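Chains as they are written, first to last, in the UniProt record's numbering: chain L, 1 to 295; chain G, 1 to 295.
There's no promise every hint is true.
Chain copies aren't distinguished; within one or between two, either way the pair holds.
Here are the simulated PhoX-like cross-link-like pairs (lysine-lysine), alpha carbons at most 25 Å apart as the crow flies [to be verified]:
1) 69 <-> 155
2) 200 <-> 227
3) 109 <-> 227
4) 194 <-> 109
5) 36 <-> 200
6) 294 <-> 129
7) 28 <-> 241
8) 146 <-> 194
9) 194 <-> 26
10) 294 <-> 69
11) 200 <-> 155
12) 194 <-> 129
13) 200 <-> 69
14) 36 <-> 109
15) 129 <-> 28
16) 227 <-> 155
17) 200 <-> 109
18) 146 <-> 200
19) 294 <-> 276
20) 69 <-> 26
21) 69 <-> 227
22) 155 <-> 194
23) 129 <-> 155
24) 146 <-> 294
25) 241 <-> 194
26) 276 <-> 155
No lab work stands behind these hints: they were computed from the structure.
Predicted model only: the values in this text are computed from it and were never measured.
Number of protein chains: 2
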Amino acid sequence: METIGFIGAGNLGTPIVTNLLQAGYKVKIYNRTREKAQPLEALGAELVSSPAAAAVPGGIVMSLVADDKAVESVAGDELMQALGHGGIHVSMSTISPDTSRILAAHHQKMGVTYVAAPVFARPEAAAAKIGNAVISGPADAKERIKPLLQAGFAKNIFDLGEDVGSANVLKLMGNFMIAGAIEMMAEAFALAEKNGVDSKVAYEMLTTTLFAAPIFRGYGAMVVDRKYVGNPAFSAALGLKDMNLVLQTATRSHTPMPLAQLVQSRLMTVVARDVKEADWTALAMGALEDAGLKG
Amino acid sequence: METIGFIGAGNLGTPIVTNLLQAGYKVKIYNRTREKAQPLEALGAELVSSPAAAAVPGGIVMSLVADDKAVESVAGDELMQALGHGGIHVSMSTISPDTSRILAAHHQKMGVTYVAAPVFARPEAAAAKIGNAVISGPADAKERIKPLLQAGFAKNIFDLGEDVGSANVLKLMGNFMIAGAIEMMAEAFALAEKNGVDSKVAYEMLTTTLFAAPIFRGYGAMVVDRKYVGNPAFSAALGLKDMNLVLQTATRSHTPMPLAQLVQSRLMTVVARDVKEADWTALAMGALEDAGLKG
Numbered sequence: 001m002e003t004i005g006f007i008g009a010g011n012l013g014t015p016i017v018t019n020l021l022q023a024g025y026k027v028k029i030y031n032r033t034r035e036k037a038q039p040l041e042a043l044g045a046e047l048v049s050s051p052a053a054a055a056v057p058g059g060i061v062m063s064l065v066a067d068d069k070a071v072e073s074v075a076g077d078e079l080m081q082a083l084g085h086g087g088i089h090v091s092m093s094t095i096s097p098d099t100s101r102i103l104a105a106h107h108q109k110m111g112v113t114y115v116a117a118p119v120f121a122r123p124e125a126a127a128a129k130i131g132n133a134v135i136s137g138p139a140d141a142k143e144r145i146k147p148l149l150q151a152g153f154a155k156n157i158f159d160l161g162e163d164v165g166s167a168n169v170l171k172l173m174g175n176f177m178i179a180g181a182i183e184m185m186a187e188a189f190a191l192a193e194k195n196g197v198d199s200k201v202a203y204e205m206l207t208t209t210l211f212a213a214p215i216f217r218g219y220g221a222m223v224v225d226r227k228y229v230g231n232p233a234f235s236a237a238l239g240l241k242d243m244n245l246v247l248q249t250a251t252r253s254h255t256p257m258p259l260a261q262l263v264q265s266r267l268m269t270v271v272a273r274d275v276k277e278a279d280w281t282a283l284a285m286g287a288l289e290d291a292g293l294k295g
Numbered sequence: 001m002e003t004i005g006f007i008g009a010g011n012l013g014t015p016i017v018t019n020l021l022q023a024g025y026k027v028k029i030y031n032r033t034r035e036k037a038q039p040l041e042a043l044g045a046e047l048v049s050s051p052a053a054a055a056v057p058g059g060i061v062m063s064l065v066a067d068d069k070a071v072e073s074v075a076g077d078e079l080m081q082a083l084g085h086g087g088i089h090v091s092m093s094t095i096s097p098d099t100s101r102i103l104a105a106h107h108q109k110m111g112v113t114y115v116a117a118p119v120f121a122r123p124e125a126a127a128a129k130i131g132n133a134v135i136s137g138p139a140d141a142k143e144r145i146k147p148l149l150q151a152g153f154a155k156n157i158f159d160l161g162e163d164v165g166s167a168n169v170l171k172l173m174g175n176f177m178i179a180g181a182i183e184m185m186a187e188a189f190a191l192a193e194k195n196g197v198d199s200k201v202a203y204e205m206l207t208t209t210l211f212a213a214p215i216f217r218g219y220g221a222m223v224v225d226r227k228y229v230g231n232p233a234f235s236a237a238l239g240l241k242d243m244n245l246v247l248q249t250a251t252r253s254h255t256p257m258p259l260a261q262l263v264q265s266r267l268m269t270v271v272a273r274d275v276k277e278a279d280w281t282a283l284a285m286g287a288l289e290d291a292g293l294k295g
């Protein structure tokens, strides 16, 4: 079976590579901090010492790293040369649509196809292959990578067309809406608590009827129970990075987004106060503490 | 079968009374504008000419009117005397929790029990009896009215305890969260449109996965298609009234709610600009027009 290069053995990369190995793919894994990839080596992945060493000529390399700079640093000329003509770079990180477009143009010059395929999944959802993929880029490359996304983490794949930036925009929209939902619940539950309403009943009502969606169910429980510190599935720092990308994209396209500014401020406060082990749900502390409640 | 008094033949009162009649209840209906209740007379309701005339001694009167003032004006001493000892007033309007508490105390003095039972349902959901009821007040009165709520509109009933204000607070939380969801989608879809993303695909992705809840599905389509003007199911003016109640309750309880302030401003603008036949979803025009898009 095909050998796949994978760059990034983080919270999401690890379950995805594990799934790819279980599906029978050979995986060459690169991670900047080598030790983090060693558990995957134990599962059968080949640990390599540079991004380019993960590539097979004409093959597929998937990258899932922290931010724009990290993608730019791994997707350099060496990786392009190693992938060569017919090669595909599947860029799964949450990055700016502009970065995707600039990288895609550079890839094309080097004969490599760039596909944007950001991941909608918490680590446990990726592990269970019930995540969602959104993809954009050239049609034939998208067809070629779909089985990999399905084997790795995705229950559903949504195709956003040829402009590579589109999938990145949708990923930012989704993360903005999650952050907005957390703010919304923080304010609503603050109102409940300040007015003697049983938060658990209110949570049960709202998240089994009008707001019966995984986002409200999951994050709502974390807000009501103040369970957003310790072992973060998605850290406040990463949430802040994403809201910065939302505002950057909004600013460049002249799109005023006051709610995005609010949640970005909330996350900035969590990071500024150096709340240890904070999941991004900790942005709820803002509305709760502003109301004099325990954050 | 029992005779029920019903006050208010509006968008929601009409389908609820229709359901009660179909379930075999006898209904005495009062509406300030008599003509609006005539279709219900045709279905078998008895049209009466004052709120008190809707009451049977020791019986149940349900009210579903526009705002706090309207509830205060119908639930006066005449209605109390007509209901008398053992009577129950089921107050279904979206009003301030404080108004509920004040009314409940006055009812009690007159021997009548006040139950708060605001309605979570658009008219078509009420008609289909798939709405949600939230109730608060004395336990025995709540037990007695449950079959009526089920016959009238409710698939689920959530009990918020003895403090009558609690159900009103939860109703306000829910409406605030719907308004917040509309703002969130307006900002997100503005970002999509300004960045060349296909809104329909983005809508499909977001509302079938992370945000697969009726609120996002229904209101999201209205935002994407700009279908919030003409034949409003819930008008911008009523939405503004509710957000005013949210902020009033927030202010009295010292609960800063910046997102609630934002959506209240958005609705105020829709009303200030006198947008004809505007559903409250028209608050989305704010974010869209701020981005230079068609509102």
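- Run the structure past the numbered hints and jot down the numbers of the failing ones, going up. As far as the earlier hints go, 1, 3, 4, 5, 6, 7, 8, 9, 10, 12, 13, 14, 16, 17, 20, 21, 22, 24 and 26 are violated by this structure, in ascending order.
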